[in-house]
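Student: Here's the letter readout for the chains.
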Amino acid sequence: MIERNVMDKFTINDLNLYYGDFHALKSVNLHLPAKEITAFIGPSGCGKSTLLKTLNRMNDLVEGCKITGQVMLDGGDIYAPKTDVNLLRRNVGMVFQKPNPFPMSIFDNVAYGPRTHGIRSKLELEEIVEKSLRDAAIWDELKDRLKKSALGLSGGQQQRLCIARALAVDPEVLLMDEATSALDPISTSKIEDLVLELKEKYTIIMVTHNMQQALRISDNTAFFLLGEVIEYDKTDKLFSVPSNKKTEDYITGRFG
Amino acid sequence: MNKLSAYKGRPGSLALRIMVDLSAALTVLVLVALVGYILYKGIPNLHLDLFQWTYTTDNVSMMPAIINTLTITFCSLLVAVPFGVFSAVYLVEYAGRGNKLVKVIRLTTETLSGIPSIIYGLFGFLFFVVALGWSYSILAGIMTLAIMILPLIMRTTEEALKAVPDTYREGSFGLGAGKLRTVFKVVLPSAVPGILAGVILGVGRIVGETAALIYTAGTVTGVASSLLSSGRTLSVHMYALLSEGLYMDQAYATAVVLLIMVIIINAISSLVAKKVAGKAA
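Top to bottom, those sequences are chains A and B. Numbering-wise (full-length UniProt numbering), the first sequence opens with residue 1 and increments by one. Numbering-wise (full-length UniProt numbering), the second sequence opens with residue 1 and increments by one.
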């Protein structure tokens, strides 16, 4: 068990989500601690990515998506009518499965977010870009080619650029949707190291298909099956002494 | 390329192969023959006289027609491109899926793009020339052509926008950008090469158009002095020369210039497309 805490970043209460008639998330209750790494694991189609996307309301973009229940961020319901979705997404950044840099220069990619939120000063933008790229541990590789197109980078570099782009708007939470699944092992390990560093400043919630990865870097793990949270616990506990038979079957590779 | 001996014992494949090669050769041959014939007949007739600033029955200058062509092309694009692009943005980015209005708009644009240009000419004549009282004027021609290429611009822009990966949109929304910013800063710039392809097709149609222009822009031989005065484009000029039958040599020379103009326009457009795409990519 993970104790509930007033410092929890997200508290999810009885969340149900439907895609049309399909009941994708069933009565999910979770509380995600601040400045820790929480991993969502489970077989394909279990709802882990869907839940991740409810945390910054990316599901709003999906037609026919209906949500009941509560998602509290720092005590405020993000599905309340008065919520500013753009502000929410600024605070809760997202890194996607496939690296998706915009077809513009490296500099413009990182500066896109700050510019969106009203920063015009060139000097300020330059500072933000440098800081974000440094935080994403890619400044040294890219500092001489900021004006070059981001599409010319390798997949691993693109993904770290996307992380830098997400950091540039100064979020509190970083959602990572299988952010390493399209990358080679070396790039993956670079990003894992990076995520461990970022934990100092950010709350990180990651979806992963790779159980070794969850074990390596996450503090807490939630195991999903068919839209339900089967078990949620400290990562070492969940992987060593799972309390649910289904969790044990999954992590020992009996299905999924 | 496969050696023909590879087809030994397989007459069916050989026949097919020969047919494919023949078709390709024939297509190229027709094109080369056509261009060659025009150049052969036209180039000897290219004289400086043909490029005098003013037309007289003596010099049969095409210079006014060239200028009119450029004016009409530019102005038609000025009208059609913004409307076409914005309509496509509405269809792809704003209208919900399964929206009835979208279906109606699609059906309309598809129908419009299949209508013979003389119908546009008739409409332009009845509406712009007669009803609005613009008389024969390049403005009437411009508006008629703008309407004619609007569906084309719209369709190509729509396809170009649909081809922009959703991951770009997600990335932008994920950073807290709104719809407007996402569309104008990320989606549209990525679609520019596709949009330009549509514009090139539009230019091609404008430059080659006669039927829609004869009864709207008219056939006055001089440079149109204002938007409300009449003027003929190169294609119309050529049509007039041919139908009068008095200046066949000059008609061929005009064809050469028209051909070169189209080639230059296409080259410039693809250069611009490459530049923009290169900047984006």
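Each hint should be verified, as a subset may be incorrect.
Computed cross-link-like contacts, SDA-like style, restricted to lysine to any residue with a CA-CA straight-line distance of at most 25 Å [as the list claims (entries may be wrong)]:
no.: 1; chain 1: A; residue 1: K82; chain 2: A; residue 2: Q97
no.: 2; chain 1: B; residue 1: K179; chain 2: A; residue 2: S49
no.: 3; chain 1: A; residue 1: K66; chain 2: B; residue 2: Y37
no.: 4; chain 1: B; residue 1: K162; chain 2: A; residue 2: L151
Negatives, chain B to chain A, calculated, CB over 12 Å [claimed, not checked]:
no.: 5; residue: P44
no.: 6; residue: Y168
no.: 7; residue: S172
Worth flagging that the hints you see were computed from the coordinates, not collected in a lab. We treat Cβ as the ideally placed atom computed from N, Cα and C, and that holds for glycine.
Student: Each of the hints needs a verdict: does it hold here or not?
Tutor: So, going through the hints one by one against the coordinates:
A hinted pair counts as satisfied when its Cα atoms are at most 25 Å apart, and K82/A with Q97/A does not qualify at roughly 30 Å. Between K179/B and S49/A the CA atoms are separated by roughly 23 Å; this keeps the pair inside 25 Å, and the hint holds. Pair hint K66/A plus Y37/B does not hold up; C-alpha atoms about 67 Å apart against a cutoff of 25 Å. Between K162/B and L151/A, the direct Cα distance comes to roughly 20 Å. Compliance with the 25 Å bound is thereby established for this hinted pair.
A cut-off of 12 Å between C-beta atoms confirms that P44/B is not in contact with chain A; the least separation is 49 Å. For Y168/B, the requirement that its beta carbon stay farther than 12 Å from each beta carbon of chain A is not met, with the minimum near 6 Å. The beta carbon of S172/B is not kept farther than 12 Å from every beta carbon of chain A, the shortest such distance being approximately 7 Å.
Consistency note: the structure conflicts with the earlier hints numbered 1, 3, 6, 7.
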